[in-house]
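Number of protein chains: 2
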Amino acid sequence: MSEKFNVTAMPVGVVGLGLMGSSIVAALLISGHPVKAVAPVAADAENARERISNQLHKCVTAGLIHSSDEFEGNLTISRDYEVLKPCQVVIECVIEKRDIKSQVYKKITSVVDRDCIIGTNTSAIPISELQNHIDFPERFLGIHFAEPAFMTRFLEITCGKLTEETFANRIFKLAHEWGKEPTLLKKDIRGFITNRLMYAMYREIFYLIENGTATREDLDKAFRYDAGSWMTLMGIFRRMDYMGLKDFDAILKSIFPKLSNAASVPDIMQTLVQEGARGIHNDNGLYPYDPGEGRQWDEAFTRFNKDIHHLAANYSEENVKEQLKS
Amino acid sequence: MSEKFNVTAMPVGVVGLGLMGSSIVAALLISGHPVKAVAPVAADAENARERISNQLHKCVTAGLIHSSDEFEGNLTISRDYEVLKPCQVVIECVIEKRDIKSQVYKKITSVVDRDCIIGTNTSAIPISELQNHIDFPERFLGIHFAEPAFMTRFLEITCGKLTEETFANRIFKLAHEWGKEPTLLKKDIRGFITNRLMYAMYREIFYLIENGTATREDLDKAFRYDAGSWMTLMGIFRRMDYMGLKDFDAILKSIFPKLSNAASVPDIMQTLVQEGARGIHNDNGLYPYDPGEGRQWDEAFTRFNKDIHHLAANYSEENVKEQLKS
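As given, the protein sequences belong to chains A and B, one line each in that order. Just so it is clear: in the first sequence, position 299 is 299 by this note's numbering, and no numbers are missing. Take any residue in the second sequence, note its place counting from 1, add 1000, and you have its number in this note's numbering.
Any given hint could turn out to be false.
[As the list claims (entries may be wrong)] With beta-carbon atoms standing in for the labels, derived distance ranges: (1) B:His1057 with A:Val60: 38 to 44 Å; (2) B:Ile1095 with A:Pro257: 52 to 58 Å; (3) A:His176 with B:Glu1050: 42 to 48 Å.
Derived from the structure by calculation, the hints contain no laboratory data. Ideal Cβ positions, reconstructed from N, Cα and C, are used throughout, including at glycine.
Just need the whole structure built from these sequences, with the hints factored in.
Structure, rendered in structure tokens:
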């Protein structure tokens, strides 16, 4: 792995140590930050160190770091918000509930300096809405990672109505030191960029399943071998340019009116969530899993992460343009 | 490249030698078929051999074949439909216009045997509709490739109302010999699988652009580094299982009603098509291109194709499951 992470002494805080929060902690640790992590949920406080340690081992496997020891030493886990005191950035990753987040913000702001940047990893609640629950709201913004946060280059920074751009720019710059390819969204739109695009596709794929058009396996296969064959290189607009644009107006005109406009949660998903399905995490999901199989998928993804991370690095916009010149 | 293509003496016909038709010819050639190609458009008849030759060279570069010579010798290009006579499969790839396709089908069926399978690469017109224009319609079906057809594993087989399943099964089996991961769609739905999913995303991305939410660059970047980091491995349902399902109902409920339901062609696309923009093919598209830059993107994609093809092969469903057992 050719990345160099700038080791910086700046402590960063994380509140909420579920799956995503732990993964963000690992991302910050391998970037060189001391991390002050607060676990509002008791079970998380107990399990988080082991979970993060496992994630750091995945980083070793992926060649992102040589050994996890020095990074583990940089981690403080506590149930007490006081540990956040020295932080200049705190990222909140608690459950997607407004009232809980609001309480968490009160506890954070009672401890940190007034210019400490406070970010939320939310993908469901508008930044401008959450901003109402915070003192000095101009330092509040969305810092949205993709799972697993320590491997993916994706990072979406979203300003709310009251966010001051200097704070967003500071995170944008910092994100590069985290090895990310950040996007900066100046307008606070529900679902931000990536979720809107993905959920547009989710809406359609549930429609296809519910209408018995194709099996889950076939839908996933079509997606992996069509979109999956160009997406890492191109993005959507570049793909259209590659395809030549010519027939697109005819196809758009014929397909748009036929697409699903569903506004409600699909039955399949509602049923699964009600029965406590957690996908690969408890071997109960949209696919059938043998006991322990979910864990195996997780390991396959760790290996895949490494490969696609390398591949994406080779085909960064910069690299492609560099080759254009030469 | 570890693929073995079964060399078969079975001649396959292709009608229509535009970009996609040529690419399909190359796919069939490297699978070992003698290909009988008909070019209804005079300019295509002239340019197709060179274009296909270039594509075979890309196959050499990608390590799919060692040399292009023997394959080029297997190619017949003609403007006369008579060359299709020995074919047991003919794939139509002409322009997306019903009347033109209907004329082409008349010419094909007047030459081939009555049990010759006739496939169309259409992505805009329902199979059941085109089927009305063909004698012995039970042997007619959709055979939908993804560009570049000689590299991607995607192949979508779609039955119309009158298609007999034995013919679809025959193509499904043959597709594996072409090195594809085919999907078989028994219900004829507008846009089939992959286009519906992609156009659902297109609809949303045009909405985001038209509302000034983000730049094209940022939208593509978010897509490449989020979806592009897992798509080749997982597909959509498996990704949801990986994410744990838990928060999905909350997010679906909040985002679905906000997504674009647009039914008309976006202005941006209409304008580009009207002014003759062909994307990377004439350096005029959704992105700005310096003269010759489009070609360079094409070359970058050829290199990328090779890498992602390898990667996808390493993480085929079979391989992952094999590793689960061991």
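Verification of the supplied hints:
For histidine 1057 (chain B) paired with valine 60 (chain A), a C-beta distance near 41 Å keeps the hint of 38 to 44 Å intact. The supplied range of 52 to 58 Å is broken by isoleucine 1095 (chain B) and proline 257 (chain A), whose beta-carbon atoms lie about 22 Å from each other. As the Cβ distance of histidine 176 (chain A) to glutamate 1050 (chain B) is approximately 44 Å, the hint placing it in 42 to 48 Å holds.
Of the numbered hints given earlier, the model fails hint 2 alone.
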